[in-house]
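Just so you know, the protein sequences line up as chains A, B, C and D, in that order. Under the working numbering, the first residue of the first sequence is numbered 1, with each subsequent residue one higher. Under the working numbering, the first residue of the second sequence is numbered 1001, with each subsequent residue one higher. Under the working numbering, the first residue of the third sequence is numbered 2001, with each subsequent residue one higher. Under the working numbering, the first residue of the fourth sequence is numbered 3001, with each subsequent residue one higher.
By construction, these hints were calculated from the structure, which means they are not laboratory data. These figures come from a predicted structure and were not determined experimentally. Hints should not be assumed to be uniformly reliable.
Claimed, not checked - Cβ pair distances, simulated, as ranges:
| no. | chain 1 | residue 1 | chain 2 | residue 2 | range |
| --- | --- | --- | --- | --- | --- |
| 1 | C | V2092 | B | A1330 | 32 to 42 angstroms |
| 2 | B | V1063 | D | R3182 | 17 to 27 angstroms |
| 3 | D | D3079 | C | E2075 | 41 to 51 angstroms |
| 4 | B | T1340 | D | S3022 | 47 to 57 angstroms |
| 5 | D | S3022 | B | E1075 | 46 to 56 angstroms |
What the hints assert, rightly or not - Under 7 angstroms between C-beta atoms, here's a sample of chain A residues computed to sit facing chain C:
| no. | residue |
| --- | --- |
| 6 | I2 |
| 7 | N35 |
| 8 | K36 |
| 9 | V38 |
| 10 | F255 |
The C-beta atom is built at its ideal place from N, Cα and C for all residues, glycine as well.
Protein chains: 4
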Amino acid sequence: MIIVMNRQTQEEKINKVINRLSELELECHISKGKNKIVIGVIGENKRHALEGLEALPYVEQIVPISKPFKLVSREFKEDDTQIAFGGKSSHVVKDSSLSGPVVGGNNFSLMAGPCAIENKENTLEIAQQVKQTGAQFLRGGAFKPRTSPYSFQGLGADGLKIMWEASQKTGLKIITEVMDPRQIELVSDYAHVLQIGARNMQNFELLKEAGNSNHPVLLKRGMSATIEEWLMAAEYILSKGNYKVMLCERGIRTFETATRNTLDLSAVALVKQLSHLPVIVDPSHGTGKWKLVPSMSKAALAAGADGLIIEVHSTPETALSDGSQSLTPANLEKLTNQLTELAPHFDKSFTIGSKTEEHI
Amino acid sequence: MIIVMNRQTQEEKINKVINRLSELELECHISKGKNKIVIGVIGENKRHALEGLEALPYVEQIVPISKPFKLVSREFKEDDTQIAFGGKSSHVVKDSSLSGPVVGGNNFSLMAGPCAIENKENTLEIAQQVKQTGAQFLRGGAFKPRTSPYSFQGLGADGLKIMWEASQKTGLKIITEVMDPRQIELVSDYAHVLQIGARNMQNFELLKEAGNSNHPVLLKRGMSATIEEWLMAAEYILSKGNYKVMLCERGIRTFETATRNTLDLSAVALVKQLSHLPVIVDPSHGTGKWKLVPSMSKAALAAGADGLIIEVHSTPETALSDGSQSLTPANLEKLTNQLTELAPHFDKSFTIGSKTEEHI
Amino acid sequence: MIIVMNRQTQEEKINKVINRLSELELECHISKGKNKIVIGVIGENKRHALEGLEALPYVEQIVPISKPFKLVSREFKEDDTQIAFGGKSSHVVKDSSLSGPVVGGNNFSLMAGPCAIENKENTLEIAQQVKQTGAQFLRGGAFKPRTSPYSFQGLGADGLKIMWEASQKTGLKIITEVMDPRQIELVSDYAHVLQIGARNMQNFELLKEAGNSNHPVLLKRGMSATIEEWLMAAEYILSKGNYKVMLCERGIRTFETATRNTLDLSAVALVKQLSHLPVIVDPSHGTGKWKLVPSMSKAALAAGADGLIIEVHSTPETALSDGSQSLTPANLEKLTNQLTELAPHFDKSFTIGSKTEEHI
Amino acid sequence: MIIVMNRQTQEEKINKVINRLSELELECHISKGKNKIVIGVIGENKRHALEGLEALPYVEQIVPISKPFKLVSREFKEDDTQIAFGGKSSHVVKDSSLSGPVVGGNNFSLMAGPCAIENKENTLEIAQQVKQTGAQFLRGGAFKPRTSPYSFQGLGADGLKIMWEASQKTGLKIITEVMDPRQIELVSDYAHVLQIGARNMQNFELLKEAGNSNHPVLLKRGMSATIEEWLMAAEYILSKGNYKVMLCERGIRTFETATRNTLDLSAVALVKQLSHLPVIVDPSHGTGKWKLVPSMSKAALAAGADGLIIEVHSTPETALSDGSQSLTPANLEKLTNQLTELAPHFDKSFTIGSKTEEHI
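Just chain A, with the same shape it has in the complex (with noise of 0.2 angstroms):
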């Protein structure tokens, strides 16, 4: 951290600056520049007790140099984070013998459905049609966050079930939206995966909880979040003893309207870099519009993303809710041909393994 103050400061001033940092136990470099002093703080990262100095009339700056995330960051574990799910359970992956579907690594991975579940006869369809086309997960909002609370707000447990039932019969796993810390428990006996969505990035008491809990979760960056903030909310759930969390990119929002948001790929290729978490890129929240979804998921691949989550509708005119930006179980068929093809490019394998795969 860096404390830059004007070259004109008293003495007894810059004295005072640097007392607060001997009482916090921070070391101290000064240099006295022509127009600037600027005084470099050693030691652990104590930035939030510092930067109350701002207030002083004389303090004109301060400059944090660290990074503030540590368990979710390269620096802290240099290999990528692989997510195994094998059976029933889940684990970081240590070795290779296993059966199920793995996140992160050389693995590109698909997870498709409905954006909520509306009944269990369409689910089941849908399900069917996703585990053909080479998804491994089912995603479906059974507790849905909605503007407005006039609209359709999800079956809640009920959709759980129906989502459960899916899994059964195709193997494919469930990932869900959770919105309350009091619903982690319900949907954990359910859900393989616990989604949190973009308004909840900063819900810290529902971080917290999902820390403490041993599934994998999805942490969605905020509408306007910073890559830093989101990285800071990952490190929330692994400060609780949590390491099996997957980011995603859902698109951010910007001033232009003539797509939903605006997806974030650079912030893709940098989180890569940044961090050993996976990366999942949702683009059809990412664009709002279903014509852009094949191009947005082939680009998503091309940056570096680990896998696509992506809403699938059999007549998405009709769909309960954001059927304007869900593929046919026909169009995602075609994109996922193309993506097979694709992935080793990128030296990611996609394997449309639901189709060897043997069902739990």
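Dock chains B, C and D against the given chain A, drawing on the hints supplied.
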């Protein structure tokens, strides 16, 4: 709602859309222009049931016409909502025989205090100071949303007790943040107003529980929430039966980094036209710089705000959080003197009422 | 300037950086922390020569410490710049024996008029009206920047002549936009202030020519320009010798679509601290809605602005551009009456001076 | 265009609007819903003449239905525009008997070179290097738009002559920025493509002059330009008769600061649907970090781009500008090898044609 299609669309496809509208019991008018066919949909607002139609390749665009919010709108309730705090209870004002502070209408309210409750001594000291400068509410965080899991997370229940004691000693009403539905009961025992922070503006489970509560709620605008989304979040609370909602503009996230956020005062002016709810402005988070707080406080009054929530600390340079944006009590006093003088020019009364009000 | 490297960096690589600094005749201090090596660079600000160092794989970050602007800063000139318009000429105020309007200092100025000059009759009528309500400047576009090539592009030279005639008849000073270096000479013949629009804030060739001119310049902030970039654009003009620059905040582009732009009044308060130049606020473009113009005008005064530039049209519903954000003369009058009353509370004098000032 | 009014609006006010439409010779359909009256306007797009109607207090909203761009749209011209560079001239492709490079259609083009032209020796060296890696165009700035007036402003005419010499020696076509209408003639003497930078995207006088020129134009998207505004800027050029326009996505400005800009690849996919013009991606400015350039280049190809413009420097750490985002020739070569392999999967051919093409 307006559905736009290309002029060349075949009759059978147009009929498919019209049939879907009939199924939903919606009437429509068709108007064929030179390049476009426009279908105007009449009847209840079923925006969400219809948006799936955009998935049809021959539908170009769906344009909503009505505003989605109802209970929060001026059309629903023309008069300003006023929330009265008499004794320990609060209610939406119907008559004027009240002894405690009132928020909304012609009142200009001041909520002040430290970012985080740090300890009893310091809190009581600040409470006395802000009381003397005209504040009616003591703000302070017991449960703190922090970007980093390694930062000070607040004193929790102990912090609430300290605030309660400060309220007993000064007569100030307490406003503090609630981050989790499970905290509402505890916080309600000690605080007069439940604050929902920017990061939780779309934590819908929290909004619903706040709606089930009988406590007034201060709902901060999310960092990247549109005005419409903000009003819809308030609609969640009102739709559960709790009409005691104050909105709080606290700056939005933009590309500008010279200020912590961009305080959006035009949103204040616009929301006062669209809604009957009181609007409070937070110039501390809005700018992140204490030197800008006085000007922006006065600008907020001029823009039509019903009050301010300001961070105050007796020694900002040692504050455990947000010191750089906290006013000293002396600076607050200077500001309140100016506000007292200015308020009548904006049809507001800013009574340094605490000096005369009897303690509870 | 601070150069940050990883603690593990080899000595020879550190030396490579130090040698580069020596070549540029820059001294440096090295400080080795636990995780990072920090090199503080002392001497002239050669930020741009150094930024290439970030290309070295072992340099993590380069952090600028000094502000890049000089002539526009309060450090360079402590007193407010005041620009006096006496007779046909204008100059930076040194004494107070002036007959015409002065912008900056304790003066609050009003510039008003139609978005575009449409015809002579209409312009003369509006000019008389705004004159009566206290405006000192007539604004109006002769050369119009329009998003579409098919929209009305302005009357060009004919528009300038109409404005000149209006000035002759009313004594109002003329402010109008210049979009191209080749227009400066012509516009200078008819206008007292050259306006550089938001879209041209970083049209550097235009800035340089405006710097070579002797005319006062109103420099609008770009739609997505940071405060630093805005001040640097002004620095271009001052660095060529023209110190008669007024800054104009006119709203920035954000995700919010309920208002045309987001009027950034905290930028006004901050720029008044950083710079000695006058700041004018444009609430018409800033909000895009005439109903918000009165509140935001008063808020601008409260935030520290030195004046307003407001769109006025006698029949906004038939205006050739921007009708939806134009005030009627009656609404303008109501507003100026309030401003006259409020201005002294902010140490400003808003004299409806036009009523007493003799015509030229 | 749709005009929305409140259901309670009096008949005479509705008639006022209808009369205005008649005056403009526009037909309309009126449809009265439960809460709103909607007037659908039929006929030529007179959007700008109508927008003033929003100033009427009883008009709530005006919603445009048609897209404002014409000549740039796929509806106007279904086939991809291809621009052929044969010998010294360029033209829009009509037959295939061409010897030089072609941009658009199934071609994937590479434009590479230094940010700024610094000196002859260095430029010729880089030109040879990028030629060998498959580039067909040499990019480089002679006139440089710099945020600070104190930064290196480019070599001007001398820089152009150096680029010309590089072209003579390598056969590379030259692309360089033009910042002022007065530079067009000079730049056209030395360059094959006129680049209009992000800061000048709405410098309408420059667009008009570029439209009057016979030279191909690369039009960069403005930092905060919507897709619609970007296409309308291109429309300016086409409407003057110059159809040889390439669009260039170079990142937009958002709240994210970890990357210099946010590269908006979904805009590429969308623009390829809306328009027939070729789209080039600039991953150097788009990310500001050379380490992200290779991934984002491949992602751009996957998103549907027609080519790349990349900054290359032989010693980025000493570059006079933008060193931190420049690739070394070795890294560029690695990238082009991958692109050659990938291009056919996206129906593109990336021929390292320079190796076989004869020099002019």
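Evaluation of the provided hints:
At roughly 36 angstroms, the beta carbons of C/V2092 and B/A1330 sit within the given window of 32 to 42 angstroms. Between B/V1063 and D/R3182 the beta carbons are some 44 angstroms apart, a value that contradicts the proposed interval 17 to 27 angstroms. In this structure, D/D3079 and C/E2075 break the distance hint of 41 to 51 angstroms, their C-beta atoms being roughly 59 angstroms apart. The hinted range of 47 to 57 angstroms is satisfied by B/T1340 and D/S3022, whose Cβ atoms lie roughly 55 angstroms apart.
With their beta carbons about 31 angstroms apart, D/S3022 and B/E1075 fall outside the hinted range of 46 to 56 angstroms. Given hint, A/I2 at the interface with chain C, holds; its Cβ is 6 angstroms from that chain's nearest Cβ, closer than 7 angstroms. Of the supplied interface hints, the one on A/N35 holds, with its beta-carbon coming within about 6 angstroms of a beta-carbon of chain C, less than 7 angstroms. Taking 7 angstroms as the C-beta cut-off, the interface hint given for A/K36 holds, the closest approach to chain C being about 5 angstroms.
Checking A/V38 against chain C: minimum C-beta separation of about 5 angstroms stays under 7 angstroms; hint holds. Because the closest C-beta pair between A/F255 and chain C is about 5 angstroms apart, less than 7 angstroms, the hint holds.
Checked against the numbered hints listed earlier, the structure breaks hints 2, 3 and 5; every other hint is satisfied.
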